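Quick note on numbering: full-length UniProt numbering labels position 45 of the sequence shown as 45, and the sequence is numbered without any gaps.
Errors might be hidden in some of the hints.
So the derived label-pair ranges between C-beta atoms look like this [said to hold, decoys possible]: (1) Ile52 <-> Tyr73: 18 to 26 Å; (2) Leu22 <-> Val69: 18 to 26 Å; (3) Lys50 <-> Ile11: 29 to 37 Å; (4) Val69 <-> His17: 18 to 26 Å.
By construction, these hints were calculated from the structure, which means they are not laboratory data. The structure displayed is predicted, hence computed values, not measured ones. Idealized CB from N, CA, C, for every residue including glycine.
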Amino acid sequence: MKHLLLICTQIYMVSIHYIHLLSLLYYDEKVADRNIDKKNQNNNYLKRKKKITLLLVYIISNMTYFSTVIYIYIY
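Go ahead and model the full structure; you've got the sequences and the hints to work with.
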């Protein structure tokens with residue numbers, strides 16, 4: 001059971017690192033888009049899609065991590 005906790009903790013940390021990198025990429029694209037053009041609607045759609053992806057990855061990683069921790073401490 002402790003190995004399962006370790007694996008889930010590592011997955012949680014990797015997902016947080018992934019979210020951080022994606023947010024940095026999103027920020028860079030936002031600045032670049034502001035400098036290049038302000039009229040492209042397709043970029044706005046892609047940005048919204050990235051935000052939703054970030055949110056889903058964050059929620060899923062939190063749910064798996066905390067449900068595993070609760071499961072290990074109950075049993």
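- Message: When the structure is checked against the list of hints, which entries are broken? Sort them ascending.
- Response: Violated hints: 1, 3; rest satisfied.
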